[in-house]
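Trainee: Same order as they appear, the protein sequences are chains L and C. Counting from 1, position 88 in the first sequence corresponds to residue 87 in numbering that gives the first Met the number 0; the numbering is continuous, with no gaps. Counting from 1, position 112 in the second sequence corresponds to residue 111 in numbering that gives the first Met the number 0; the numbering is continuous, with no gaps.
Keep in mind that the hints are not guaranteed to be accurate.
Unchecked claim - From the structure, some residues in chain L lie toward chain C, with a derived Cβ separation under 10 Å:
1. 74
2. 90
3. 135
4. 156
It should be emphasised that the hints constitute simulated quantities derived from the structure, not laboratory data. These numbers come from a predicted model, not from an experiment. Ideal placement from N, C-alpha and C gives every residue a C-beta, glycine not left out.
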Amino acid sequence: MQGASGLPARLPGECGLQIVSGGATDVGMVRTNNEDCFRIVPSLRLFVVSDGMGGEAHGEVASALAVETVVKHCLEGTENPAAPLLGESKPGLAPRSCRLMSALYLANQRVFQSAAEHTEQRGMGATLTAAWIDELTLSIGHVGDSRVYLLRTGVLQQLTSDHSLVAEQVRRGILTASEAESSTMQNVLLRALGTQPEVEIDMEQVGLFPNDVLLLCSDGLTRMATEPEIAGALQSEPDPQKAAEKLIRLANEGGGVDNITAVVVALKPEPKGWFSWLRRGAHKSAGENGSPGGH
Amino acid sequence: MAKLSLMFENKLVKEVPIGSRPVRIGRSPDNDLVVDNLAVSNDHARVYFDSGRLVVEDRGSLNGTFVNDLRVERATLHDGDSIWVGKHHIKVDAIGDAPLPYQSARKTAAPMINETMVLDTKVRREMLQQAAAMGERTQFAADRIKVPTIVVLSGKTDHKEYILTNKLTTIGRSAMATIKLRGWFKPEMAAQINQRDDGYYVGSGSKIPAVNGAPIPGPTKLRDGDLIEVAGIRLNFIVRE
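The task is simple: from the sequences and hints, build the whole structure.
Mentor: In C-alpha cells:
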C-alpha cells in the first residue's frame, strides 16, 4: 500500500472492504452452563456478543433475549429506515448508530420486562456489545464489561470502556490498572441490560482501515489472557474462525473460570475500478519496473 | 468447623476457617480475609478464640467494626452474628466452637465473587463517593472536568486543535482519520491515540511517532504537555481543566 501513497485519497465507498468473520463460545473449565451468547449477521455486517447473569439458567435467557432483540431491531431498521427509534437521537451520530442505540434500549426493556413478569428470572441481566459496519464506519453499542478490540498495524486497542466498579475506580485515579486486574471485585458491574428500567448506553463511531481486525469478546477471555497474548493469537492466525477458536483455547489454558466468547472480524481491502486495475497492472509489470506509480 | 464468610451484597466472596491463630481482616493483601474496599483499613480487625469464646477486635480502624449494627472495639461473637466492615459483612458460623488445629489454610487463592452482579444506582454512588473520600492517592477531583486536547504546533492539518472525545483518534491523510493531514505524500494512517481507563496512549500506524524526541517502543501513555512528532507534524498533548 505504501507504494500507492502518491495516489489521490480514496473516498469511502470507492473502495469497499471485504469482511471475513468467525466466532466461538465455550463454557470454560469451571462452570456447568454457558450464559454467553453471540450472533454474526453477515448480510448486515452486524456482530453481537452478550454475557448473561442471574442464577440458575436465567443468565442464558437474558443474553439470548438481548441478542435476539438487537439483531431483530437492526434487521427491521434496515428494511424500513423509518421504523420508530427508541431513545433520544444525538447530533453527529450516523443513522446506523441511532438504530443500534435504539436496539440496545429495546433489549433493556425486553429483558427487564421478562424479569418482572417471571419471578424466577428476577435479577437477571446481560452485558451487550454490538459492532455494526457500514462502509468504512464502525458503530459500537455497548453496556457492561464485554469488549471490542481493534488490532491495527500490530497495536491492540480497546474501543469500549468496561462498566465495572474497578474500571470506574481506575478512571477516577483511585486504583491503578494492575491493582484492578488483581481485585476480587472484578465481577461487580455498574451497568447491564435488563437490571433497571432505564439504561445508559455507550455509542462509539470509529473509522475503519483495510487490514483492521476486530475482536468482540466476553470477560471470560480478557480475564484469562493478557492483551499481548490476545494480539499474538490474532496476528498468528489470519483465518477469523480459527483465531476465535485459538482465543478460546488460550482462555481455557489460563484457567477458564468463566464462559468464553470470541468473535473475530477481518477487514480485507477489496479494490475496485481503476484503482484495482492500476494495482493489478502494477503487479503484472512489477518484474519490469516494480513501480506502481510509473504510469 | 467455625468459619467466617465474607459477603458483599448477599453474595459470598470468600470463606475462611477459624483456627487457633487469629483471622486477620483488612484491606492489605497479607490479611487472611482481604476486604477489597477503600473504606476498610489495611489492618482493620481480628477474629480469634479467647478462652473458648469467639471474639472480634477492632484494630483501630478508621471507619469502625460493627457487630449486628453496633460499633464495637471488642465483642464476643455468637453463631449467626454479622460483622460489618465498610460495605461488606462477615457472617459468623460458630458451630463447633472449639478451635481447630492450625491449618495452613491461608494463601489459598482468593476466589472472586463467582456470580457477576450489578450494583443498583444508590449503592454505586455511595461506593464511589466513599472510595473518593478515602482515596489515598487524592489527585481525585470530581468537580474539575479534564479536557484532553491535541494542539497542532506545526504541519498542515484540517484544524489547529482537537478535543479527544473518542476512544480512538487516528492521525493521517485518510478521509477516515480524525486529525487529517494535508499533503499527497502523507501516510493514510500515520499514528493513533487510544483512550484507556488510566489515560491516553499513542501507538504506531504506518509510522512510528516520537514522544518528547524519542521514538516510542510501543503504545505509550501520554502526559500533560507531551510533544508528539509524526509524519512531519508536531503535536502537543494538553489536558485542560
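Trainee: Hint by hint, note whether the structure agrees.
Mentor: Do the hints match the structure? See the list:
1. 74: violated (26 Å)
2. 90: Interface hint status for residue 90 of chain L: violated (13 Å vs cutoff 10 Å).
3. 135: holds (5 Å)
4. 156: At about 4 Å, which falls below the 10 Å cut-off, the nearest Cβ of chain C leaves the hint on residue 156 of chain L intact, so it holds.
In the structure shown, a violation is registered for the earlier hints numbered 1, 2, in ascending order.
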